[in-house]
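Student: Given next are the chains, with one letter for each unit.
There are 4 protein chains.
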Amino acid sequence: MISFASDYIAGAHPRILERLAETNLEMLPGYGSDRYSISAAEKIRAACGCPDAEIFFLTGGTQTNQIVAGAMLNNTEGMISAVTGHVNAHEAGAIEYTGHKVLAVPGRDGKILPETLRSYLETFFADENHEHMVFPGMVYISWPTEYGTLYSKAELKAISELTRAYRIPLYVDGARLGYGLMSPENDVTLKDLAEYADVFYIGGTKVGALAGEALVFTKHNMPPHFLTQVKQHGALNAKGRFIGVQFDTLFTDGLYQEIGRHGIEKAEMLKRIFRERGFRFFLESPTNQQFVILENRQMEALSKEVEFSFWEPYDADHTVVRFATSWSTTDEHLEMLAEILDRILE
Amino acid sequence: MISFASDYIAGAHPRILERLAETNLEMLPGYGSDRYSISAAEKIRAACGCPDAEIFFLTGGTQTNQIVAGAMLNNTEGMISAVTGHVNAHEAGAIEYTGHKVLAVPGRDGKILPETLRSYLETFFADENHEHMVFPGMVYISWPTEYGTLYSKAELKAISELTRAYRIPLYVDGARLGYGLMSPENDVTLKDLAEYADVFYIGGTKVGALAGEALVFTKHNMPPHFLTQVKQHGALNAKGRFIGVQFDTLFTDGLYQEIGRHGIEKAEMLKRIFRERGFRFFLESPTNQQFVILENRQMEALSKEVEFSFWEPYDADHTVVRFATSWSTTDEHLEMLAEILDRILE
Amino acid sequence: MISFASDYIAGAHPRILERLAETNLEMLPGYGSDRYSISAAEKIRAACGCPDAEIFFLTGGTQTNQIVAGAMLNNTEGMISAVTGHVNAHEAGAIEYTGHKVLAVPGRDGKILPETLRSYLETFFADENHEHMVFPGMVYISWPTEYGTLYSKAELKAISELTRAYRIPLYVDGARLGYGLMSPENDVTLKDLAEYADVFYIGGTKVGALAGEALVFTKHNMPPHFLTQVKQHGALNAKGRFIGVQFDTLFTDGLYQEIGRHGIEKAEMLKRIFRERGFRFFLESPTNQQFVILENRQMEALSKEVEFSFWEPYDADHTVVRFATSWSTTDEHLEMLAEILDRILE
Amino acid sequence: MISFASDYIAGAHPRILERLAETNLEMLPGYGSDRYSISAAEKIRAACGCPDAEIFFLTGGTQTNQIVAGAMLNNTEGMISAVTGHVNAHEAGAIEYTGHKVLAVPGRDGKILPETLRSYLETFFADENHEHMVFPGMVYISWPTEYGTLYSKAELKAISELTRAYRIPLYVDGARLGYGLMSPENDVTLKDLAEYADVFYIGGTKVGALAGEALVFTKHNMPPHFLTQVKQHGALNAKGRFIGVQFDTLFTDGLYQEIGRHGIEKAEMLKRIFRERGFRFFLESPTNQQFVILENRQMEALSKEVEFSFWEPYDADHTVVRFATSWSTTDEHLEMLAEILDRILE
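Chains as they are written, first to last, in the working numbering: chain A, 44 to 389; chain B, 44 to 389; chain C, 44 to 389; chain D, 44 to 389.
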């Protein structure tokens, strides 16, 4: 059965597997001190236009978010997130496990509006009782968001100005960063991101790697003894090379962009297929996740022939479902999807 | 430079990389529900002679230990370990991060003697004040230990009888399990281990995988909602296939045993090389880690030509260092080592 | 300056101090095993009509909430609370410090509506991805709420039926329980509470004690080794007698009810004073906390002569402030308040 | 039955109860901002000769130790303690609950020898793998120790010099500080303590208070938002006055010293009673806890008429038991003890 269930249904981009094989027998030191991890970090620094960035490779997104919360928040601080943010909704309490509260604020289409953030911060510090409350200690946004939407450069700038005014870091979850960067509607570069964010991660798992995320500290702000903190979270890989080689490959000859572009092109085709057949979208997503409103009977029929993700009920008769494309989506997959849809709509 | 620094200096066993490539484009569901993870678990159950074992694939050893502690200890309980146990000494406090104390007891050559354990448990419950103390909630042993030594079947049985009498689980850290199983001095089978241990893990990272450990619950005792607990630790891999395929390969056609046997053969050769040249060993290790006592000047000279691990000072003039073999150690590596030693001893 | 800032502005009810003095030189065992703690527990069991209730005395409300969360929630579970619940809003993250998420749901006047709760629970378990989310593991309500309001017997029953259907405990924070029980609008008895709640606490600190809360487990559900868990939280008092004697006194000759009734009578007088002078209330509170809407200029003038608590802004020109009565409020205090108001309104 | 079971068997020193009664009806603000807490802090500063000391009142000793660990240790750090230290042995894992390891080092008679500490620190930082280990982040000593012994001024100085050289705080648990200060063998003043310790607490619970400890930060090193951190631990008392008044009384007219002196005088009498009758002591304690070696049959007979604490087995036929004196011990109690001993020895 073909699947649009997510952007992690296939293995790794073939070039990554090749490099893993080529370097396999080299004897390399552990824990990320190998030459490939070092080279990957160097290439990421260049791509970010941030020569002093400190970079650490981790295995997964929830793990990365958890470590950032645990390492960068003070005891009394929580992490501001949209209600729909991954850290608030779908990480099984990984942030709270570190002892920190997620301070959930209302969002729109997955994004925190700058004015919402401003109001939250102003209200907090104006409250006479705020010493009895969890301090806002970091702002978490995802880019693209869990709904595939993107903050514009102006929005990022506005949020960044707020976090700097309040002296708290802005953290950007870039699990699907590659698809955001290559979106036709995007006006944000990796350099912009490195400028506005104090810390962010470049997603590998959903952008062509077997597993792996590159955490980037842009402001000389990597927490002290960070390797020890990662170890304490059980997240330090003995064979750190295995992520180093992957990111070294992703940032060679533009592979990361190539993957992002491919995913976006297929998403555009997918959108057209649905739109041409009269389907409605839950919201306008310019990236590789598309949220389609299906009649429940359609949904059931469709689910027998193609995989996608249940998202949320829309109304009594309709459901929002998600279709995701990625580096591994092919024209054949999309043609099959179109055929299946036509058959169901007959 | 050749390296005996550890058993994780090379990538993955080539057969693993091949299988990753072969299965790469298959569309598979995430989070360990793919067919390879399912098949790997089935093969491990068969190998353990434990048809009902519950199996979960994780990425690293400290992570696995941390999750076992967090998921299986009650609030008031700690984890008994030898002072030299990995959880006590070299995990940067990963167990304490879960809120649980490591209850360190003296060991011998890395092992907890059954009588030490008995005495600890008896003394604890005899103490009138024990309600003000951390309860022993689990026994952690490593097999092989951090010093390469092995519990015999009789010792495992004795410890297991104690933990059952006190109704606490026995947990075996098998980071280097493969090398223990294939040791000429070993009388323990995987089935024995599955019988005596309540939970244990089969190490992949140090036995030929890129990363990955197979956690085995042998007594219908996987904690409820374990997937959610793993997610909460940031340890749930989206592309679970990547570990599933590796273990499926390791447990096909005896690859896991083959790797173990290879590592042990090379360790025996390495021992001979040192012994023939008059070097002393810190202790008798029957597995792939060998602890050699070097004169400090020798150590310095040697370190310029070959990599090994500093272990601990022996006396003012000598140091204990570790040499490790693995699936990737070759005869050529050993011959080079012998030559270098001869040169230094001249 | 007279103060209505809270119900903890005075020391202890004089009868409590007397009993502390009378019993002061008795040699008693520590940690709550003294005869007064035992007697107090017996009296509370009788008052609750719950002869098997298990009772533990703690020092403060946030501490009690934290220990209940830490001891009764499983690893994957969070605590459902109204957004305005004390555990969510004003405990500086004490619940999250135990590693558990507060699952905040919208409330009305401080209360969770049974239908809101039903919908939350149904939606959670209907979600295909709920294994990636924090499970609802307990329902927290405060009675009276942070806004002075009360759940009716029918509402408690409805919530209790839901929590039982979902097999999660209902926990009632009774920091101000005494004032709720004696409210003219209340139809809930201590016995009802013991029936509907699985665990609740009877507030002492705000109802006449120096410090102290009585935590009541009503369904043979005190967590194992609870004393050890309390010790682990740093909450076990060596001189447990000091809380035991206080609760023994509070539950002798109806003192707890007497204090509640006194506070309520004074609250009714206070309401009348404001109402007669044309002030509006933010909401109708039938207990000892009254939320008055003041014009900002009035508020400023008033604050020079009487203490009260800032609550929240109402609009650009008005603020919600809280006046609290207690066992220590006197007619003289209220007369002075009336005079001051008259002066300000001139 | 008379009791020497501990120094917390009686209530509060009568002068404390009097002051609580005298100040009972004053309307005071909460959370430690009342005038008595402020005055108590001022008096403690003067007594410590440390005009800038920051002081916070807490309820119990384990709570205080836990908050100090949680607030002052960085993520990667643990707390060095003697194996016999209260934080390691008898706090039910309260330190580990904050996520931090207790780094237990061998002691002598309850004390850490400066050379032991020096060696521990040197070895740690010399270890090439120390980034995989828990960093020493604080030194915890108790004064008097759990065995009633005292560090001399020279020992404190030596330890303090080490902690400063390594830039980690020295924390002194003064649960029984008053008895230490008044010991005839003591050469340490409160000023010395304030000089050598970076943070310490002056015990109230065991020195005449109902409950309460005064935590003193001596080097402008109170952690930021400390009130919020205390709240987060559930340790912030609404009626903070109740501890403030107690310490204000303890530090008025030398009551704290008077209580200490009384306890020590009675301990000296108690020692004489045992010594004159040929009993042996487990060790020489110069403070209010005395550790006597009893034949098991004697112990049993004695336990029918007087209360004391079981400490630890001495050999097959003997047991170490503890007798404690305090402010509430009287000559009559001691005479009764002497009579009972004589009767048993007949």
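Among these hints, one or two may not hold up.
Any copy, or any two copies together, can satisfy a pair, since identical chains are not distinguished.
In silico SDA-like cross-links for lysine to any residue, where the CA-CA straight-line distance does not exceed 25 Å [said to hold, decoys possible]:
(1) 347 with 170
(2) 200 with 350
(3) 262 with 46
(4) 262 with 95
(5) 347 with 174
(6) 196 with 345
(7) 234 with 356
(8) 347 with 70
(9) 347 with 81
(10) 86 with 264
(11) 86 with 314
(12) 314 with 301
(13) 347 with 173
(14) 196 with 169
Simulated from the structure, these hints should not be mistaken for lab results.
Quick caveat: nothing in here was measured; it's all calculated off a predicted structure.
Student: Hint by hint, note whether the structure agrees.
Tutor: Here is what the structure says about each hint:
With identical chains, the CA atoms of residue 347 and residue 170 are at most 25 Å apart between copies only, with a shortest distance of 19 Å across copies and 54 Å within one. Taking CA atoms no more than 25 Å apart as the test, residue 200 paired with residue 350 passes in neither setting, with 38 Å inside one copy and 43 Å between copies. Taking identical chains as interchangeable, the C-alpha atoms of residue 262 and residue 46 are never at most 25 Å apart, the minima being 40 Å within one chain and 36 Å between chains. With identical chains, the CA atoms of residue 262 and residue 95 are at most 25 Å apart within one copy only, with a shortest distance of 8 Å there and 35 Å across copies.
Taking the closest pair of Cα atoms, residue 347 and residue 174 come within 25 Å of each other only across two copies (23 Å); inside a single copy the shortest separation is 54 Å, beyond that limit. For the homomeric pair residue 196 and residue 345, neither the shortest alpha-carbon distance inside one copy (38 Å) nor that between copies (48 Å) is at most 25 Å. In this assembly of identical chains, residue 234 and residue 356 lie within 25 Å of each other by CA distance neither inside one copy nor across copies; the values are 38 Å within and 41 Å between. Taking the closest pair of Cα atoms, residue 347 and residue 70 come within 25 Å of each other only across two copies (16 Å); inside a single copy the shortest separation is 48 Å, beyond that limit.
Proximity of residue 347 and residue 81 under a CA criterion of 25 Å is satisfied inter-copy only: 22 Å between copies versus 46 Å inside one chain copy. For a Cα distance limit of 25 Å, the shortest separation of residue 86 from residue 264 inside one copy, 19 Å, qualifies, whereas the shortest one across copies, 42 Å, does not. For a Cα distance limit of 25 Å, the shortest separation of residue 86 from residue 314 qualifies neither inside one copy, at 34 Å, nor across copies, at 42 Å. Taking the closest pair of Cα atoms, residue 314 and residue 301 come within 25 Å of each other only inside a single copy of the chain (20 Å); across copies the shortest separation is 50 Å, beyond that limit.
For the homomeric pair residue 347 and residue 173, the shortest alpha-carbon distance between copies (22 Å) is at most 25 Å, but the shortest distance inside one copy (53 Å) is not. Taking CA atoms no more than 25 Å apart as the test, residue 196 paired with residue 169 passes in neither setting, with 29 Å inside one copy and 38 Å between copies.
Of the numbered hints given earlier, the model fails hints 2, 3, 6, 7, 11, 14; all others are met.
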